[in-house]
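A.B. asks: Sequence:
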Amino acid sequence: MKIYTKREDKYIVRYDRTTPLWDVMKTLWECKYFEPISYGELFTYTTDLYKQNLARFKDLTYAPKYCVQLKKKAESKEVNKNKCKFIPEHVFFADFECSTDGFHKAFNICYDSEDGSVSESIWGQNCATEFLERLPDKSLIYFHNLSYDINFILRHMTEVKGTPIIKGSRTMQITGLYKGKAIIIKDSYTVINKKLKLFPAMFHLQCGEKEVFPYNYYSSVLLANDNRTGVISEACKFVKDIDTFMKNIDLIENCRIDENHFDLEKYSTFYCKQDVRILREGFVKFRNDILKEFDLNVYDYVSICSIANKLFENRVYFPNGNLYDLSNKPREFISRCIHGGRCMLSDNMKQKSEKKLIADFDAVSLYPSAIARLYTLEGIPKVMKKEMLSTEYLMRHLFDDDQKEPIGEKFMSGFFVLIKITEIGIHRHFPLIVCDPELNPELNVPRKFNTCCLMYVDPYTLQDLINIK
17 MKIYTKREDK YIVRYDRTTP LWDVMKTLWE CKYFEPISYG ELFTYTTDLY KQNLARFKDL
77 TYAPKYCVQL KKKAESKEVN KNKCKFIPEH VFFADFECST DGFHKAFNIC YDSEDGSVSE
137 SIWGQNCATE FLERLPDKSL IYFHNLSYDI NFILRHMTEV KGTPIIKGSR TMQITGLYKG
197 KAIIIKDSYT VINKKLKLFP AMFHLQCGEK EVFPYNYYSS VLLANDNRTG VISEACKFVK
257 DIDTFMKNID LIENCRIDEN HFDLEKYSTF YCKQDVRILR EGFVKFRNDI LKEFDLNVYD
317 YVSICSIANK LFENRVYFPN GNLYDLSNKP REFISRCIHG GRCMLSDNMK QKSEKKLIAD
377 FDAVSLYPSA IARLYTLEGI PKVMKKEMLS TEYLMRHLFD DDQKEPIGEK FMSGFFVLIK
437 ITEIGIHRHF PLIVCDPELN PELNVPRKFN TCCLMYVDPY TLQDLINIK
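The sequence shown finishes on residue 485 if you use our numbering, and the numbering steps up by one all the way, no holes.
In short, the hints are calculated from the structure, not lab data. Note that CB positions come from ideal geometry on N, CA and C, so glycine has one too. It is possible that part of the hints are untrue.
Stated by the list, open to error - Computed Cβ-Cβ distance ranges for the label pairs, DEER-style:
id : residue 1 : residue 2 : range
1  : N243      : S381      : 23 to 31 Å
2  : N336      : K426      : 16 to 24 Å
3  : F310      : H413      : 32 to 40 Å
4  : S343      : N313      : 23 to 31 Å
5  : D117      : N304      : 35 to 43 Å
6  : L193      : Q85       : 33 to 41 Å
7  : D416      : G395      : 17 to 25 Å
8  : K398      : N304      : 40 to 48 Å
9  : I484      : K398      : 23 to 31 Å
Build the full structure now, drawing on both the sequences and the hints.
C.D. replies: Rendered as structure tokens:
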């Protein structure tokens, strides 16, 4: 920080009263104002802090070039391969086992090749680097919950290529190099959004032995210097099903060392390999099913949403011939009419009840039901004239529910508008009104609130606001 002093008719820096930035940082460190941040959090940190400011539109005029007609046919696999920087030639599925006390440290990793011909494990504090050393060039690796596992790999990568794909706090894909070898790391959870323990029932897989693992026993102190010997009587304090734990020690080959000692590596590897096998078999089966039914390779996509979007492109968007990709002002304006899901309590009030049951309503399959019930607007958007900007006009000229072509005064297939709510009819416990703080900075209220405000809406939202009040 620089301190300025005025002398005569100018300001000068008083270096005797200036604190160097390094000294400030060092003082903050000594006073414990810094908190540790993981490598995974490093990529999501700016995403979490980012907040879009909704600037007002001065006008909505735009160049037609910002609307691109979707008329391409689905490209062949050969064309797609030529466009990619590199095509993965090897696919692996992996999982880390880590100590959970204090700063999490990986002590074991197991991995399988796509066909299961390679099934290996690596033990010790250097398991992550050894894993990277063993990987062949042009490898694709799947972890189930990459946001956690990436913390143990990212620090060892030589270079991160391109921009990591991150949504919220979830790391979905990272591409990089390790000593010249190209590597893509993806999250299988974004493709199959289910816990690993549900895979056997979903894909009719052999579930294996019941998992009884003393996670808290595998501490960083116990595993220091790559120790492999555990005390059975001590480990039993960290499991609920002691009988199964003892049975598994004898079941796993060469796991029991003597009456009161067992091999930490063999016990950990047994369960880690079991998880990796279930992940591999379930994911490969899912991929084969998608390939057979839709001719789409799951390995080419980051999430189930991107797979679904490609399917829509192939079967709906491209064959239609009158659908458009939007950008610039049209896309920005229309996107503001998307308000997302809601998570709230009745009247936005905290509730507590020790005698009555509280209903937790969680609506599911909203997107599929909306796609089946509604329709997609064709053509390019047109800017409405001033005389059209009234609720009465919009409702009078909007298509009826089953209407497909303009008929008489019903010539408007859809619209996206910014409205001003001036009156509240019924104060709902779960209001439909969305009060965006960026659009209504003067209102200090929750997002879902019975209040007069500005709001971006589409036809369905406006109709609901009118009919349900």
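A.B. asks: So, for every hint listed, does it hold in this structure?
C.D. replies: Going down the list of hints, with the structure as the test:
Judged by the Cβ atoms, the range 23 to 31 Å given for N243 and S381 is violated: they are separated by roughly 49 Å. Separation of N336 from K426 is about 22 Å and conforms to the stated range, judged on CB atoms against 16 to 24 Å. Between F310 and H413, the C-beta spacing of about 39 Å keeps the proposed range 32 to 40 Å intact. At roughly 28 Å, the beta-carbon separation of S343 and N313 lies within the given 23 to 31 Å, and the hint holds.
About 41 Å separates the C-beta atoms of D117 and N304, a value consistent with the hinted range of 35 to 43 Å. As the Cβ distance of L193 to Q85 is approximately 38 Å, the hint placing it in 33 to 41 Å holds. Separated by about 19 Å at the C-beta atoms, D416 and G395 satisfy the suggested range of 17 to 25 Å. K398 and N304 have their C-beta atoms about 46 Å apart, which keeps the hinted 40 to 48 Å range intact.
About 29 Å separates the C-beta atoms of I484 and K398, a value consistent with the hinted range of 23 to 31 Å.
Consistency with the previously given hints fails for number 1 only.
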